[in-house]
Amino acid sequence: MKKIGVTLGAILSSAALGGASFAAEVKVGVVMGLSGPPAIVDFGESYLQGMKLALKDYSAAGKHKVEFIVYDDEANPQKAVSLVQRLLQSDKVPLIIGTVSSGNVLAFAPIVQKAGVPLIAGPAIASNITSQFIEEKPSFIFRCSMVEKFQIEGMLDWGVKTFKKIGLVHSTTGYGNFAAKEIADGVKARGASLVAVEAVAPNVSDLTPQMLKMKESGAELVLNFHESFELVFRPMSKIDYKPTIAGNWGLSSLKVRDIVGTKEIEGTVMGQALDLSLDAPKAFVARMEKEYGKEFRWPVLAALGYDAAQVALKALDTAKSMEPEAIRDALEAVDGIKAISATPAKPYGPKDHECLDREHVFLGVWKDGAVVRLKY
Amino acid sequence: MSTANFIQLFLSGLTMGALYALTAKGLFIAHLATTRMNFGQGEFLMIAAYLSMTLLLVGVRVILVTVLVIALLGLKGWGLERIALRPLDRLKSLVGGQYSWVLTTMGVALIMQNVATLVWGKSSQYSPPLFSASRDNVVKIMGVGVFVEELLVIAAAFLVVGLFYVFLFLTTHGRAVRAIAFNRETAALLGIDVTRTTVLVFVIASVLAAISGILVGPIVTVQPHMGLVFTVKALAVASLGGFANPLGVLAGAIIFGMAESFSNYFNSAFGDLYPLLVVLALLVVKPSGLFGEAKADVR
Numbered sequence: 001m002k003k004i005g006v007t008l009g010a011i012l013s014s015a016a017l018g019g020a021s022f023a024a025e026v027k028v029g030v031v032m033g034l035s036g037p038p039a040i041v042d043f044g045e046s047y048l049q050g051m052k053l054a055l056k057d058y059s060a061a062g063k064h065k066v067e068f069i070v071y072d073d074e075a076n077p078q079k080a081v082s083l084v085q086r087l088l089q090s091d092k093v094p095l096i097i098g099t100v101s102s103g104n105v106l107a108f109a110p111i112v113q114k115a116g117v118p119l120i121a122g123p124a125i126a127s128n129i130t131s132q133f134i135e136e137k138p139s140f141i142f143r144c145s146m147v148e149k150f151q152i153e154g155m156l157d158w159g160v161k162t163f164k165k166i167g168l169v170h171s172t173t174g175y176g177n178f179a180a181k182e183i184a185d186g187v188k189a190r191g192a193s194l195v196a197v198e199a200v201a202p203n204v205s206d207l208t209p210q211m212l213k214m215k216e217s218g219a220e221l222v223l224n225f226h227e228s229f230e231l232v233f234r235p236m237s238k239i240d241y242k243p244t245i246a247g248n249w250g251l252s253s254l255k256v257r258d259i260v261g262t263k264e265i266e267g268t269v270m271g272q273a274l275d276l277s278l279d280a281p282k283a284f285v286a287r288m289e290k291e292y293g294k295e296f297r298w299p300v301l302a303a304l305g306y307d308a309a310q311v312a313l314k315a316l317d318t319a320k321s322m323e324p325e326a327i328r329d330a331l332e333a334v335d336g337i338k339a340i341s342a343t344p345a346k347p348y349g350p351k352d353h354e355c356l357d358r359e360h361v362f363l364g365v366w367k368d369g370a371v372v373r374l375k376y
Numbered sequence: 001m002s003t004a005n006f007i008q009l010f011l012s013g014l015t016m017g018a019l020y021a022l023t024a025k026g027l028f029i030a031h032l033a034t035t036r037m038n039f040g041q042g043e044f045l046m047i048a049a050y051l052s053m054t055l056l057l058v059g060v061r062v063i064l065v066t067v068l069v070i071a072l073l074g075l076k077g078w079g080l081e082r083i084a085l086r087p088l089d090r091l092k093s094l095v096g097g098q099y100s101w102v103l104t105t106m107g108v109a110l111i112m113q114n115v116a117t118l119v120w121g122k123s124s125q126y127s128p129p130l131f132s133a134s135r136d137n138v139v140k141i142m143g144v145g146v147f148v149e150e151l152l153v154i155a156a157a158f159l160v161v162g163l164f165y166v167f168l169f170l171t172t173h174g175r176a177v178r179a180i181a182f183n184r185e186t187a188a189l190l191g192i193d194v195t196r197t198t199v200l201v202f203v204i205a206s207v208l209a210a211i212s213g214i215l216v217g218p219i220v221t222v223q224p225h226m227g228l229v230f231t232v233k234a235l236a237v238a239s240l241g242g243f244a245n246p247l248g249v250l251a252g253a254i255i256f257g258m259a260e261s262f263s264n265y266f267n268s269a270f271g272d273l274y275p276l277l278v279v280l281a282l283l284v285v286k287p288s289g290l291f292g293e294a295k296a297d298v299r
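Residue numbers (the numbering used here), protein chains in the order written: chain B, 1 to 376; chain R, 1 to 299.
Because the hints were derived from the structure by calculation, they are not lab data. Hints should not be assumed to be uniformly reliable.
Said to hold, decoys possible - Examples of chain R residues lying across from chain B (beta carbon under 10 Å, computed): (1) Thr-15; (2) Thr-66; (3) Ser-124; (4) Val-138; (5) Tyr-165; (6) Phe-167; (7) Leu-228; (8) Val-232; (9) Ser-261; (10) Asn-267; (11) Ser-268; (12) Gly-271.
We put the beta carbon where it would ideally sit given N, CA and C, even for glycine.
Based on the provided sequences and hints, a complete structural model is requested.
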């Protein structure tokens with residue numbers, strides 16, 4: 001197991017805080033997918049970039065000396081579980097943030113809940129991560145990320161209203177199959193049906209057969225729920241088929257734009273939680289570009305990472321002690337967050353452990369090389 | 001299914017088959033002469049794809065890119081034989097020692113994955129087309145579209161088969177390869193430089209990976225883990241062809257590519273399951289492979 005990152009923290013004098021009662025050295029555990037499949041790495045590194053910037057900002061004005069103990073779970077559930085156990089038993093962290101793969105989060109969330117240590121899940125998006133624990137007294141599982149069902153609901157509300165024929169291409173991974181079921185149910189609930197459903201198994205790199213089926217079915221909108229977001233675009237020019245593509249927030253990655261092409265990705269729609277027409281997100285992107293250069297590749301992921309860390313650090317500042325239970329209570333009570341993403345000022349409550357609720361998730365669309373809010 | 005869709009799927013299967021053929025021929029030539037293979041053949045392809053992508057993106061002309069990448073990969077093939085294979089020959093007499101090359105070639109593959117990650121990053125990368133500034137350089141064949149790079153891959157696979165026959169049967173070095181494939185000791189007694197010929201086959205295998213890598217970049221997304229899939233499928237293809245001759249490898253690859261393309265059209269839920277079932281079924285019927293023979297074959 002490798003400990004790939006550490007520190008970044010600072011103490012602020014209690015005088016500057018107007019007489020705060022104590023300042024402590026706090027280790028926050030971070031489990032993140034930082035190696036393995038490229039899509040996982042892009043998610044993990046982008047989220048972590050945002051988190052690190054938030055910690056840097058906190059270091060200039062925060063109350064405690066905070067250190068992120070970052071471990072790479074390599075998108076492997078067993079490894080994620082063992083790293084979380086290490087954070088709990090060896091590093092004895094009072095708060096954990098992570099990770100990319102929903103399966104990994106679902107594997108270690110019960111352990112964290114049982115240990116009574118708060119977890120801010122992210123950037124995992126599986127719908128049931130917080131909901132399955134929300135009735136616990138109390139639930140220690142929070143999240144600061146997109147929620148799959150919210151973006152699917154937004155997409156289907158728009159898709160069913162706008163298009164007569166909708167097709168679906170999904171991967172055969174746990175994520176892809178789960179999304180496919182949610183989409184099929186959602187389309188049915190709206191009184192419509194999918195004209196074609198095609199699967200893509202891992203290691204398949206040519207989607208010509210699947211896209212031919214989409215073309216045959218006359219699908220005007222193709223919902224793309226595959227981790228390799230660029231694959232559906234590749235055969236489109238050779239089979240002379242130009243449907244509208246829509247999918248999860250992964251389609252807003254600058255890497256995906258670069259691979260697919262600015263012209264080719266124009267009009268592609270995705271679930272989104274960052275409005276780049278607003279000043280704060282624009283300024284954030286400029287800062288991230290300055291901070292990370294070419295390594296910065298995913299504005300919405302970095303923004304949610306930033307916000308997740310902001311919420312966590314504010315909870316540390318307002319908690320009555322550095323005991324996990326006190327930090328959990330502080331998380332539920334955190335207020336006044338100036339989020340970069342659509343996260344509200346008071347993200348959580350006793351029965352709401354999601355930063356983003358349905359009303360905060362909107363649809364974005366690629367326009368002239370940038371993602372802007374889709375108007376419909 | 002419409003005729004146009006049939007042709008589209010046929011060309012798609014032929015393209016993927018051609019890519020597997022180029023990779024599998026690298027396995028074939030090394031196995032023919034040494035009964036060993038480079039399990040990092042796919043990673044050699046990956047490195048070639050990255051090198052090609054990098055050079056193309058800085059504006060180097062395609063012909064120069066081809067020459068440079070082939071030369072560099074040829075050098076890598078030489079290095080593989082010298083560093084990862086030859087030193088282990090002395091272990092041959094030990095139990096399991098004759099299979100040490102499996103571990104070392106896999107180890108080299110892992111090293112290359114990590115080197116690619118360090119140099120080019122963990123993300124997927126865009127590799128530009130070889131002969132066009134735009135990404136939609138499609139030509140029409142019998143009314144269906146095909147990328148120029150796909151046609152190149154198909155042409156390269158067939159051309160390489162022809163070159164293999166010329167090399168193996170009409171050149172001194174080719175005869176040397178066939179001779180050591182038959183019996184290394186006898187070949188040495190006949191004055192053939194076995195060591196040099198062994199190096200040669202690994203250089204040829206690497207050059208084939210270079211050609212595949214240059215051609216594959218614009219067709220698939222370039223990323224550090226792309227090689228393993230090609231190695232695994234090439235192994236299946238070479239087994240289907242029978243590890244016997246270049247034509248067998250090509251036939252096996254085309255069957256695999258077609259099975260992949262058409263099965264994904266009729267039922268996409270299982271991906272590689274159907275092509276692999278085709279390979280298994282054919283190997284049950286003919287365990288030595290379609291073009292293989294039960295006895296030693298050095299054609």
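Results for each hint:
no. : hint    : verdict
1   : Thr-15  : holds, 8 Å
2   : Thr-66  : violated, 23 Å
3   : Ser-124 : holds, 4 Å
4   : Val-138 : holds, 5 Å
5   : Tyr-165 : violated, 29 Å
6   : Phe-167 : violated, 30 Å
7   : Leu-228 : holds, 9 Å
8   : Val-232 : holds, 8 Å
9   : Ser-261 : holds, 6 Å
10  : Asn-267 : holds, 9 Å
11  : Ser-268 : holds, 5 Å
12  : Gly-271 : holds, 2 Å
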